[in-house]
Each structure stands twice: as structure tokens, then as C-alpha cells.
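The lines below spell out each chain.
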Amino acid sequence: MSDPKKEGEGLKGAAFSGGKSSLETVLGFLKRTLAEGCFDALLLPVKAPGGDSFPYVLVQDKALLEDRGSPLPPIMPVQGGKAVSSLTRRGKAPRKVAALMRPCEVRATIELFKLAQVDLENIFLISIDCPGVLPVKDFAADPEKGMAAFGEVLEKWGDRKVRPVCQICHRFTAPLSDDGAGMVVDLHIGLLGIEDGEVLLIPYSPAGEEILAKLDLVPAAGGDILSAWRDRANELTKKRGEERRRAQEEMKSKVRGLNNLLETFDKCINCHNCMRVCPVCYCRLCYFDSEAVKHPPDDYLRRAGDWGSIRFLPDTILFQVGRMSHMSLSCVSCGTCEDACPMDIPVAQVFSLVADEAQEYFGYLPGRSTDEPIPLATYKEEELEEVEDAPQGASSETKEKDG
Amino acid sequence: MEEDFMPRIIGFLCKWCTYAGADLAGVSRIQYPPSILPIRVMCSSRVDPLFVISSFLRGADAVLVAGCHPGDCHYQRGNYYTRRRYAVLRKIFEELGLEADRLRLSWISASEGRRFADVITDYTERIKKKGPNPVKKEVFL
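Protein chains in written order, with the working numbering: chain A, 1 to 403; chain B, 1001 to 1141.
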């Protein structure tokens, strides 16, 4: 798998049609890949029998694919990166599996690959333009209404019904240009700017080209559909980027400072769901589940003595800030943490705010490349002198003269 | 009140360089403020950012992570990793509007007893000016 192509470097796309709707067409394409033996199995969201959820299923059965396969489900109950990791954490897939995911899930998969939690051999990654997902709780409360709402979301591509992090997601499609919005993927399915019933298949790796060749699909450079897709995607990327900056500024004013931070997280019930569903929180034993966070009574009483009082369960902020220090460089802003929060704390909005900043500091984009090491796993001998000793102007409080 | 305030600084000192440097400051009888509470670690890279956050949230007025100068790590590369982790942590503190200047990373070798005393003196002065860590008033951490 190689790094994403840059704009103008021969991005090619093959139009594919056959379904009444675009998603039906995607299913048709997937069915053909199975029929032609391109893959032995597909990993994709499948509608659960109750119709109220869309778990990932490793599908070999074409009938199941046809009946329940959901290339773009209205919710994200499980992050795809976690699904691929469950499949391959103990070794490579023995046969070819294509995994169809949203872009943030693909990026999480790449991060997990770098963290040695995913084996990409025999895994073919397919991404699809994503309009966002509905909050999982809204959907669970009324799946029928949820399906209708998601229909609207698909039409409008910017609906306020999707989760707040989805509304400001600027990496909802495949790599478009060399401005850094890259992603490692084999094949991308474009929906944006294309007529309903038709989709665009864009290969991003030699493996992707091979699959299209096997299906006698000839991707063409240029062409109306490709440029329509690219124009719409570029336009939306730019718009979302601006919305993201605006929303993050607003969020900043709500969380910055100890008091605001406490106010944001004081509803936390210490269930740690956010950590458990996070694709890049991959540790098998989390520090916060370990004995290290359980202190003897004496310790709490002493703290209560110093403070006057102490809350139980303790260490909420330690958990949140600690988790940021561990995973923010690989955070893909997928929003699963916020979905999982029973107290509706804007976890994902706060985390992605901090993550964007940390990632920018190292010029790192999660999921961009398989060769680019995660910043904490590498170093340069000469760098970051600005953090050593007592940096000036780093914090608003640092106003005293340099000694 | 400022006169009376002696900050409590939790120091994570690497065994090979800074801890030995602190020892040298001691045997050389160099004076420095009694603000530092040293914790010896085998390498500065042993310091999980959680240790620092935990110290900060449990009311330390400041936290110091100190180890060998870059290039001199007993384990070749440990302090380079420390620096990156620390940089991320600092960024997070800044972004969340927590007081990042209550954190410090310094390189102090085993022969730098004088530098150890200077770093502690300088850091203590800075924190004295800032006053006690405001988290001490917060129950709902």
C-alpha cells in the first residue's frame, strides 16, 4: 500500500451503476467482487435483525449481503478500526478480506496498523464518502424515525441531525489534493456530486487498480463525473474546514481553564465507556483499570484533609487529560466516544480540539501514511528546544521576565 | 503570605544524570530552596505523562521532569522520547488553559550540581510568584 496520490497525479475513476439508489449500486459492486472472487469475504456494516443497529459482519454469504448489507449505515455503533483490529490482531487474515468503512474508520485502522494492532496483509481497504452519522442514542430511541432522518442527511450532506463532530468533519472523503488531507486506502467510493444510482470507484493503490481491472472496469482520468465529484468534495472540504475552526474556537471558550474544564466534565460518571469504544485506545490493560489507580483509604483521607473534601469516584480530570496525553496524536475525530457517553458530555468535541492542536504541532495526520511513524514513537536529535527549561509566553500566566 | 509560601515541586529525576546531579549539589553543599520532592526514576522516559498530570491534579505546585542531556541518555534514546511526550503534554495543558508553566523539563547531568541548584532556585522563584496551585481548591476533580 502506498501513500495517497496527489491531485493532478492521475486520479482516475470508474463510474458504476445498476442500483436504484447509490447505496444499492455500492451493494451491487460488492456483490460482484464476491462473485468474481476478488475477495473471500467482506467486512462491512450489516443491519441487525431488529433493525435497530448496524454491527460489522464478516460476510461470505451473498444473500446476507444483498438483504442486510449497509455500506453507509445511519449510525456508527462500532468503529471500523476496532472491527479490523479484532479480526487481525492475532495475525494476518489467511484469505482476502475487503473492509468497507467510513474515512475516519479507515484512518483509525491505519493508526492501529502502526500500533501493531492490525495486520493489513490480505486486507483491502475501501472507503466511502460519508455524510456523517446520527447520534447512536437518537437512533436507538426510534430507529424508524432515524432511518428517515438519515435519508435526509444523505440528500443534504450537511444536516444538523448528524453528530456535532460529523458536522465539522473535513476529512469525510478520500484524499483530494496535496494539502495534507491524505489517507491510505485501496479504493474509494465517491457519492458526492454524482447522480443517485451511480457511484464513482477511485483506485488509490495498485491493489485497487487490480480489482477494477479484474471487474473489467476501466478508470478514466478526467471526465465529467470525476470532476463533478472532485469539485463538490473540494468545496465541501473547504466549507467544513471553516466550520471546524469556528466551532473549535467556540468550544475552546467553553472548556479552557480549570473551572470550565471541571464544568465540562463534572457530569462524568466514570464509566470509561469513551475509552472502551475508542479505536485508538488500544492498551490491553488500561492504566485506569489497573491497581495503580486504587489508593489506600489513608491516601484519600489525607487528600480530603488537604483539600477539605474529596469527590468519589475521584480523578475524573486525571482520566480525561491522561487519555488525551496518550491518544490525541492518533485521534481521528470519529466521535465514537461521544456516542458512548451516557451523560452527553461533548467528549469528542473536546478531544478533537486538543488532538488537532497536538497533531498540528508535529505536522502529523493520523491515517495519512503507513510509513509515517506516530510522533511519540520516533524523535529527532535536535528539536523541541522550545519546551525545555522555562519556555516564555507559553501560558497566559507566564509574564515574568527572563532571569 | 507570598513570603511564607514555599512551593512543593514534584521532581521526577533520572537515576543516571539528574538524581546524581542533585546528589552532587548536596555533597558540594550548594544551597537551594527546600521545595523539591525528588522521585528517582530509572530514566526520564519512565515518566508516563499521567504521573505529571496526577502530581499536578493532586496539588503539587509544580512538576519537574529531568534527565540526561540529549545524546547522553544511559539508554541511548530515552530522553528524546521524553521530550516528545512532554511537548504533547504541554500542548494539551496550553490548549485546555491549564497552567503549563507549572510544568518543566530540564536536562541536568551528573556533574552539574551547580546547575541542579540553579534550576531548582529559578523554578521555585517562578512558582512563588505564581502562588499555590489553584487545583487545591477544587473538590470535583
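Keep in mind that the hints were calculated from the coordinates and are not lab data. Even for Gly, the Cβ is constructed at its ideal location relative to N, Cα and C. Among the hints, a few may not be true.
Okay, derived cross-link-like pairs now, DMTMM-like style, lysine to aspartate or glutamate, Cα gap no bigger than 25 Å in a straight line [as the list claims (entries may be wrong)]: (1) B/K1130 x A/D298; (2) A/K294 x B/D1048; (3) B/K1136 x A/E383; (4) B/K1015 x A/E388; (5) B/K1015 x A/D306; (6) B/K1136 x A/D298; (7) B/K1129 x A/E243; (8) B/K1129 x A/E388; (9) B/K1015 x A/E381; (10) B/K1137 x A/D306; (11) B/K1128 x A/D224.
Quick list of the computed label-pair ranges, beta carbon to beta carbon [as the list claims (entries may be wrong)]: (12) B/R1077 x A/S227: 44 to 50 Å; (13) A/E235 x B/D1072: 38 to 44 Å; (14) B/P1134 x A/A304: 39 to 45 Å.
Results for each hint:
no.: 1; hint: B/K1130 x A/D298; verdict: violated (30 Å)
no.: 2; hint: A/K294 x B/D1048; verdict: holds (17 Å)
no.: 3; hint: B/K1136 x A/E383; verdict: violated (34 Å)
no.: 4; hint: B/K1015 x A/E388; verdict: holds (19 Å)
no.: 5; hint: B/K1015 x A/D306; verdict: violated (30 Å)
no.: 6; hint: B/K1136 x A/D298; verdict: holds (18 Å)
no.: 7; hint: B/K1129 x A/E243; verdict: violated (40 Å)
no.: 8; hint: B/K1129 x A/E388; verdict: holds (20 Å)
no.: 9; hint: B/K1015 x A/E381; verdict: holds (21 Å)
no.: 10; hint: B/K1137 x A/D306; verdict: holds (9 Å)
no.: 11; hint: B/K1128 x A/D224; verdict: violated (67 Å)
no.: 12; hint: B/R1077 x A/S227: 44 to 50 Å; verdict: holds (48 Å)
no.: 13; hint: A/E235 x B/D1072: 38 to 44 Å; verdict: violated (53 Å)
no.: 14; hint: B/P1134 x A/A304: 39 to 45 Å; verdict: violated (18 Å)
Checked against the numbered hints above, the structure violates hints 1, 3, 5, 7, 11, 13, 14; every other hint is satisfied.
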